[in-house]
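Colleague: Single-letter residue listing:
Protein chains: 2
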Amino acid sequence: MKLILSSGEEFQLDKDESLYNALRRHEEYIVAPCGGKGICGKCIVRVIEGEFNVRSHGKLSETDIKSGLVLACQTFPESDIFIEVPQVSRLIVGDKIAIGHSREFLELFDKMGARPSSLIRREKIKLALPTIDDNVSDLERLKQALNEAGLTLYFSKNFTTGLSDSLRKNQWTINLCYEPVEKRALFAEPPGSERSRYGLAVDIGTTTIVADLVDLSDGRIIDVGSTYNSQMRYGDDVITRIVFATEGGGLNDLKDAVTADINNLSSIMCDRHSIDISDVECATIAGNTTMSHMFWGLNPEYIREEPYIPTVNRFPLWDAGDARLDINPVAPVYTVPCIASYVGGDVVAGVLASQMHRNPEISLFMDIGTNGEIVIGNNEWLMTAACSAGPCFEGSGIRCGMRATKGAIESINFDRNSFEPSIGVVNNAKPLGICGSGMIDAVAGMYLTGIIDQKGKLAKNLNTDRVQEGPEGYEFVFHRDRGGDIVLTEVDIENILRAKAAIYAGISLLIKQVGLTPDVIEKVYIAGGFGNYLDIKKGIIIGMLPDLPEEKYIFLGNTSIAGAYLSLMSEDMRNEAETIASKMTYVELSVSGNFMDEYMSAMFLPHTDISLFPSVRKLIGK
Amino acid sequence: MKLILSSGEEFQLDKDESLYNALRRHEEYIVAPCGGKGICGKCIVRVIEGEFNVRSHGKLSETDIKSGLVLACQTFPESDIFIEVPQVSRLIVGDKIAIGHSREFLELFDKMGARPSSLIRREKIKLALPTIDDNVSDLERLKQALNEAGLTLYFSKNFTTGLSDSLRKNQWTINLCYEPVEKRALFAEPPGSERSRYGLAVDIGTTTIVADLVDLSDGRIIDVGSTYNSQMRYGDDVITRIVFATEGGGLNDLKDAVTADINNLSSIMCDRHSIDISDVECATIAGNTTMSHMFWGLNPEYIREEPYIPTVNRFPLWDAGDARLDINPVAPVYTVPCIASYVGGDVVAGVLASQMHRNPEISLFMDIGTNGEIVIGNNEWLMTAACSAGPCFEGSGIRCGMRATKGAIESINFDRNSFEPSIGVVNNAKPLGICGSGMIDAVAGMYLTGIIDQKGKLAKNLNTDRVQEGPEGYEFVFHRDRGGDIVLTEVDIENILRAKAAIYAGISLLIKQVGLTPDVIEKVYIAGGFGNYLDIKKGIIIGMLPDLPEEKYIFLGNTSIAGAYLSLMSEDMRNEAETIASKMTYVELSVSGNFMDEYMSAMFLPHTDISLFPSVRKLIGK
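First to last, the protein sequences are chains B and H. Sequential numbering of the first sequence, starting at 0, is according to numbering that gives the first Met the number 0. Sequential numbering of the second sequence, starting at 0, is according to numbering that gives the first Met the number 0.
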């Protein structure tokens, strides 16, 4: 029997194998916090064709079941079966490209010249054997030895509980593992044990969660996993989720969702490499302020109420048990510091990875993820602002939107005469949707070819059947498919214009705020979801990016996970992140009277004031 | 309907009232960790006469039920009912005499000249209102204000979770409550709140647990509760319990037993005084080394294995949540430091309360509780040893033994001619058993009147029917009762001789160890369960106490709870307890070759070497 995925892959099915197990065996991972035990009810896939037995439908509704939805771990094929794994159910682990990018982090770390130093330190302690005459207690004996090594630590009840057996089992010689900042003893282990220790670096995006499993002994990235943030089911953007947390009493659900995602990824990665998950002994988290609050279960209510005050920006070092992570429960978890309600640890991590805070030249840093955050500055000063661009470039709120993963249309070119698009798809796979860079290409191309006007409205009188009326009004078809056409609707296009306008207005206002003009900017660092795929020229054409020479633009990819990785690797890096956070001045755009004007002017293609975009004026002139 | 207790009390019964509720309403408390909800199955009483309905027998066996045992909370009388509350099921709360004694602790504290200072401190913090321009996070705002007050604290996740709401609810002015040693923020509360705060001082004896509920604002003892240590069901002495914990895997059961007892007492005391149990915000614990380990759930295994090493002697400050106490979960819990495996925090607490460590004269401190511990020294040096006397003076291992509570025969005098005893009973109640002081009176009197010989054997040829043959051999009847005579058997007497011999041998050896003779001792402090009731002369007659002038003996009662109280009241006192622990030198008697000789010599009445007891020789001479 065969298992056929809508993405085109085919796998052999074993007898009596559940869909969940078959997918997992072939390294197609799906969301299942319970590990495929039929408890969590989250491993939902759609059967398009084929015979199967179902053990349980869990909490799926009649409508769901009729539409072909099943729980993968409860479904046992009886014939060849053709299924679709919904985007939000997918966990992507071991993706070669992602691992490749991540491997560059180690080079970056080396280049930055920081000394490796984990969140945990080890001290080899050899104790004198107790005797009738030397009968101090185990803990006092250990304290004396540590004092001789110049260490004074706090010993929790949990640490102390295991101490007496541990000392005797290891013949009174142990490696004492401790957390050096708060000076807390964490655990004792046999000395000279040669096994590796691991750390987890996590980027908690509003839309996507990425986790790197790192070998702390050499900084090697062993595996990379990513998934849609399961909080998505409670709302696409942070505001909706804050409302759900505070008015709907859903903070715990949101907290559980993100924890389950991270646990899901870390357990799969540890499994794949036969690593005991309790050997993952520290973690770092980078996320925007709301995500950081929700990860720790802190009330996000006041983030969205004027004057926009988070509970914490500089997080104390709490532990994995506090966060209910499945790694070693005493693992210290470092949270990359946040700046303000709408500029978070992901941006600080990004600045750290960009190194703009180390250089005298003035740079602009842009993180275009679910929101748009921008930083301008150099080694002496840093200013930052948030422009609420929304999550559309991550695929959310766009009918056929998706992340830049396999099957995403990432680049589009148009034939000027026939209006026919030629598309590039991630991994050259069958097209499944459009990612952020594809959207920008689409809008730029459609604008230049006259498929849309300056306001983003579709021309209905063109000699092409690609403009059609769909269920939500007019739309442009990029790819025809029996499972549904891949299109951008007029509503999608308006959403894209809103997003690009918010970003441009933010950049424009922040530059004015510091009394500068765009031409002083030496470098523009582009971070965020669609990272390397973005065509700068087209970003300028649609008026999202300032009209600067292309060579000033530098792609950095996901700098949030890069910064999380750097912070995991070294205390120097953590200190640098703290310094960045101290230095950075936050500008609240929403209270600036000029923001609305700037935003409205930027709602056109490329901009109401075309003189700001001389290169585009030239192009249109052609 | 009436409820009649075997102790003689009678109460009116309400309609449809359970035995548990009726007893509680009349301030007769019984063990019930679940609070009478039919869950724990521990509120066992025996119905002797009367009609009743039973809702559930829980886990009582057929034999139990046939013998009249019922769960008090599941039993509803239908007629006048006559019941017996087993000793081990009783909680004694609000006992006037106990409260009276405890009130002397405040005088003692005043006399000691220490400054009151709780384990928790408060700092009133007034924060500037956040604005768009002053938008640091809540935690950073708080930290800044604390820094101005010279305080740097650690903020746990739990503290931080409630922070944002707490600040806003209290208009940005709070009392920050923190633990000053480890410098941890604990909770925030409204400023200027005038309500009292409470602390709990606990003496965890092997046989008995005593808890004082203290108003921290003025040091007043609000209530006192005591109960048999429920660990008794796993063994009378620490060795049996250590074996059960380590070989029987019963550490958790033992930990739960003591925790449940303390929670039982504290919840009843808080109820009686309408105190919210979460307002009990700190606690101190004094117990022997094994009890201290079991309270914290630490492995006691190595306490009883040569070279007798406890896991901890100086306990870090852990919190009530770690101990699963029902008071405020972040309440810091101070454990009075232990010295060695068999000299614990109860002894350090006792020395503290005795003040012997402050005076130049040489004193002997004796704590005759479940074990016998002795300390000799002054303000310059302190030596200590443990003599395993066993728990007989607390009523355990003696057929009619009981604690010195209502109904205990506490004093006995004999008529030289008729051998008739005249007995004194605690609270002048109906006799229920014999407590430690009664046992010593009995043995001394029986020895002097010839009822027993020097080896403690009963004379069978006396002209009295009080010497009779019982199920366990010969016995002497002190009180005849339809429910069973109150007697001492020959086995009981041998147990008493063993205990007194262990104590005397310990004192004798420790004095020799420091190269002194008994006559240098200026004061003998007597602490422990039978405290004030002990007749010194008779203690000398049986050869338990050294033959010193009576005026050198001073009764201190339960010094373990006194020291726990002092430690609760003041940091000075806690520091003094730590200093005592540092100063005290432990002598391991069990490895001394002379101990067995000393012990065997002391197994006679009063001693093989009568020259050591000149006052007794004189008496016998009469």
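Please note that the accuracy of each hint is not assured.
The list treats identical chains as one, so a pair stands whether inside a single copy or across any two.
[What the hints assert, rightly or not] Result set (DSSO-like, lysine-lysine): computed pairs, CA atoms no more than 30 Å apart in a straight line:
hint, residue 1, residue 2
1, Lys582, Lys522
2, Lys123, Lys511
3, Lys582, Lys182
4, Lys254, Lys156
If you are wondering where the hints come from, they were derived from the structure by calculation, not from laboratory data.
Colleague: It remains to establish, for every hint, whether it holds in the given structure.
Modeller: Hint check results:
When the C-alpha separation of Lys582 and Lys522 is checked against a cutoff of 30 Å, the pair qualifies only within one copy, where the shortest distance is 20 Å, while the shortest distance between copies is 68 Å. Taking CA atoms no more than 30 Å apart as the test, Lys123 paired with Lys511 passes in neither setting, with 56 Å inside one copy and 43 Å between copies. Proximity of Lys582 and Lys182 under a CA criterion of 30 Å is satisfied in both settings, with 27 Å inside one chain copy and 28 Å between copies. For a Cα distance limit of 30 Å, the shortest separation of Lys254 from Lys156 qualifies both inside one copy, at 27 Å, and across copies, at 14 Å.
The earlier numbered hint that this structure contradicts is number 2, and it is the only one.
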